[in-house]
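Work out the full structure, taking the sequences as your base and the hints as a guide.
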Amino acid sequence: MAAALKARELGVEKIIILERSETLGGILEQCIHTGFGLHYFKEELSGPEYAGRFIEQIRQSDIDVKTNTMVIDIDSDKVVTAVGPDEGLLKIQAKAIILAMGCRERPRGALSIPGHRPAGVMTAGTAQKYVNIDGYMPGRKIVILGSGDIGLIMARRMTLEGAEVKMVCELMPYSGGLARNIVQCLDDYGIPLKLSCTVVDIHGRERVEGVTIAKVDENLRPIKGTEEYVECDTLLLSVGLIPENELSKSAGIELNCITGGPDVDEMRETSQRGVFACGNVLQVHDLVDYVTLEAQIAAEGAAEYIKSGGTDEKKYAYAVHQEGVRYIVPQKINIASEKDVDLYFRVCRIYKNSKLIVKIDGETVISKKKPKLAPGEMETIKLKKDMLSKLKEDSIVEISVEESL
Amino acid sequence: MKKQMICISCPIGCMLDVEYEGKELISVTGYSCPRGKTYAETEISNPQRVITSTVKLEGGKHPVVSVKSNAPIDKALIFDCMKEINKVTVKAPVKIGDVVLPNVLGTGVDIVATSEDSGNE
Ligand SMILES: Cc1cc2nc3c(=O)[nH]c(=O)nc-3n(C[C@H](O)[C@H](O)[C@H](O)COP(=O)(O)OP(=O)(O)OC[C@H]3O[C@@H](n4cnc5c(N)ncnc54)[C@H](O)[C@@H]3O)c2cc1C
Ligand code: SF4
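Those protein sequences? They're chains G and P, same order as listed.
When you line the first sequence up against my numbering, it's residues 1 to 405, in that order.
When you line the second sequence up against my numbering, it's residues 1 to 121, in that order.
Keep in mind the hints are simulated off the structure, nothing from the lab.
Computed from a prediction, not measured in an experiment: that's the story for all the values here.
C-beta: ideal position from N, C-alpha, C; glycine also.
Don't take each hint at face value.
[What the hints assert, rightly or not] Calculated pairs, BS3-like style, for lysine-lysine (alpha carbon to alpha carbon, straight line, at most 25 Å): (1) G:Lys359 x G:Lys194; (2) G:Lys141 x P:Lys87; (3) G:Lys42 x P:Lys37; (4) P:Lys95 x G:Lys129; (5) G:Lys166 x P:Lys75; (6) P:Lys2 x G:Lys372; (7) G:Lys332 x G:Lys307; (8) P:Lys3 x G:Lys194; (9) G:Lys370 x P:Lys37; (10) P:Lys75 x G:Lys42; (11) P:Lys91 x G:Lys129; (12) G:Lys372 x P:Lys3; (13) P:Lys83 x G:Lys129; (14) P:Lys75 x P:Lys56; (15) G:Lys352 x G:Lys332; (16) P:Lys3 x G:Lys369; (17) P:Lys91 x G:Lys141; (18) G:Lys129 x P:Lys3; (19) P:Lys61 x G:Lys141; (20) G:Lys129 x P:Lys56; (21) P:Lys83 x G:Lys166; (22) G:Lys382 x G:Lys314; (23) G:Lys78 x G:Lys66; (24) P:Lys2 x G:Lys370; (25) P:Lys91 x P:Lys61; (26) P:Lys2 x G:Lys352.
[What the hints assert, rightly or not] Just so you have them, the derived chain G footprint on chain P, three or more residues with Cβ under 8 Å: (27) 15-28; (28) 32-39; (29) 98-107.
[What the hints assert, rightly or not] Across the chosen pairs, the derived CB separations fall in these ranges: (30) G:Gly190 x P:Gln4: 16 to 22 Å; (31) P:Ala71 x G:Lys382: 33 to 39 Å; (32) G:Lys95 x P:Ser45: 54 to 60 Å.
As structure tokens, then:
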């Protein structure tokens, strides 16, 4: 919605939003907790309220919206094929496409927990939908595996609804969620967070009756003798999100093996000219505010592409993640870019009192002290115009973390 | 007494070093904006949180509609407040901002809807 509104503002005349769900708003509709929009609206809104502001603007605009309409194919000529309730199969020849399909939760199959498949094992997001949209509680005694934000938020939500949340187990020695969510969702309710700990077995035939947890060593392998049985009727999984890129693949777009999203330039243009991407389909975001900003950048890119016809030849410099940095988005920067470019990235582990170093072709251009860096919190660094002027074709922009002694 | 706390007023989550005596804040460092200082003050004297939940909905597209307290309420009252929220049933249509439970537990805080449901036509 943010991308559509921005493109409209920039003079793009015919815009259509295709949404497979019944309503607009995506994942926000089930995120009823507050914490959205602190940057963008300078207010602390719930998910539906944040989405509501955009839905209202869309209603007042002449942007076309088709809900209950699922895109099933995008080809290399930008023909979008979708199925909807009114006209059945729909084919649209687009000049530019903005992908905003979000992400999905890593399912149980992606984990290797042995045992039967009793009822009561589900992703945290599924439980969130049950409680917040469908209005029923999927269980009473809960263990949560994984400390992603959805898991943390659900620990609080289920506690408030009277369930007993026994613990949150996290495989890594640090949480993947935001620090504020650990404080206000776990600490506030005395829910233990067990780090370096995992579920090794699920008990129960028809319904979950309990799980066995165990500590893990530095290679993340369970340590014999540390097993512990925990009684529960529900196991929630919050073990990561994967960008939803089946469509991108079929459109022949190059994906990044770390982010799971397309490789993009500073306008969020993918390897297919005229196809842009923003939000969780590109990289998993913690903050919707950044999703909105990213959507607006993609819209600027798309509007520009439509105007210019995409005949300009882009020359790229490349962003390369070094020591301590897991990935950087955008992966490439058009050296002719005239605006400041924000680089978004995540670090590999927790760092205290460290320095972020940015180098262009070996020369340090930014060195910034950071009291705290964590993988759960996306970082950004701005490349100002004067730094961008140093970029030549195939220049390398490196970001690394330097630990202070 | 001294302790470390994480400011939860925004997603940055600054680590604050606070010194306090009972419910009195003596000093606080580590915040990056004034809200961090205010947070430390209320957290020491009287911790408060915004509550979010759902209430039952009659005649809606969905069986529940999401709500929040329109201001933070005392942490100690959270569970009592949830009991009150769970007694409420509203009728569709509901709009964002509609008060579903005024002055909950006499706190002066209202519980308001945070999503809309135009109801089953
Ligand atoms: C549980 C949870 C808690 C969060 N908490 C916070 C928070 O406290 N504060 C904060 O700022 N941010 C938070 N976030 C992050 C932020 O809300 C999300 O990152 C953001 O809303 C993602 O937006 P999106 O548009 O990229 O994806 P989505 O919201 O997932 O939207 C993708 C949309 O694409 C549609 N779609 C997918 N495939 C197709 C197809 N083939 N055809 C048609 N439509 C399709 C889907 O139906 C969906 O509506 C949270 C996220 C989650 C999951
Ligand atoms: S002190 Fe300010 S910047 Fe830091 S977490 Fe609190 S509100 Fe955010």
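Verification of the supplied hints:
1. G:Lys359 x G:Lys194: Violated: G:Lys359 and G:Lys194 sit about 38 Å apart, past 25 Å.
2. G:Lys141 x P:Lys87: Given that 25 Å is the threshold and the Cα spacing comes to 23 Å, the pair holds.
3. G:Lys42 x P:Lys37: The given pair, whose Cα atoms are some 18 Å apart, holds under the 25 Å limit.
4. P:Lys95 x G:Lys129: Answer holds: P:Lys95 to G:Lys129 is near 20 Å, not above 25 Å.
5. G:Lys166 x P:Lys75: 21 Å, holds
6. P:Lys2 x G:Lys372: 20 Å, holds
7. G:Lys332 x G:Lys307: 22 Å, holds
8. P:Lys3 x G:Lys194: 22 Å, holds
9. G:Lys370 x P:Lys37: Cα-Cα ~20 Å, so holds.
10. P:Lys75 x G:Lys42: Judged against 25 Å, a Cα distance of about 24 Å means the pair holds.
11. P:Lys91 x G:Lys129: It holds: about 21 Å lies between the C-alpha atoms, which stays within 25 Å.
12. G:Lys372 x P:Lys3: Roughly 18 Å separates the two Cα atoms, so the pair holds.
13. P:Lys83 x G:Lys129: 21 Å, holds
14. P:Lys75 x P:Lys56: Judged against 25 Å, a Cα distance of about 24 Å means the pair holds.
15. G:Lys352 x G:Lys332: Status violated; Cα separation ~29 Å.
16. P:Lys3 x G:Lys369: 24 Å, holds
17. P:Lys91 x G:Lys141: With a Cα-Cα distance of about 31 Å, the restraint between P:Lys91 and G:Lys141 is violated, given a limit of 25 Å.
18. G:Lys129 x P:Lys3: Roughly 37 Å separates the two Cα atoms, so the pair is violated.
19. P:Lys61 x G:Lys141: 29 Å, violated
20. G:Lys129 x P:Lys56: 15 Å, holds
21. P:Lys83 x G:Lys166: Between P:Lys83 and G:Lys166 the Cα gap is close to 21 Å, so the pair holds against 25 Å.
22. G:Lys382 x G:Lys314: Given that 25 Å is the threshold and the Cα spacing comes to 21 Å, the pair holds.
23. G:Lys78 x G:Lys66: With a Cα-Cα distance of about 18 Å, the restraint between G:Lys78 and G:Lys66 holds, given a limit of 25 Å.
24. P:Lys2 x G:Lys370: 23 Å, holds
25. P:Lys91 x P:Lys61: OK: P:Lys91 and P:Lys61 at ~11 Å, within 25 Å.
26. P:Lys2 x G:Lys352: 20 Å, holds
27. 15-28: As far as the stretch 15-28 of chain P goes, the hint is violated, because 1 residues have Cβ atoms under 8 Å from chain G.
28. 32-39: Check failed, 0 qualifying residues.
29. 98-107: violated (count 0)
30. G:Gly190 x P:Gln4: 16 to 22 Å: Check passed, 18 Å falls within 16 to 22 Å.
31. P:Ala71 x G:Lys382: 33 to 39 Å: 35 Å, holds
32. G:Lys95 x P:Ser45: 54 to 60 Å: 58 Å, holds
Going down the numbered hints, you'll see the structure goes against 1, 15, 17, 18, 19, 27, 28, 29, while the others check out.
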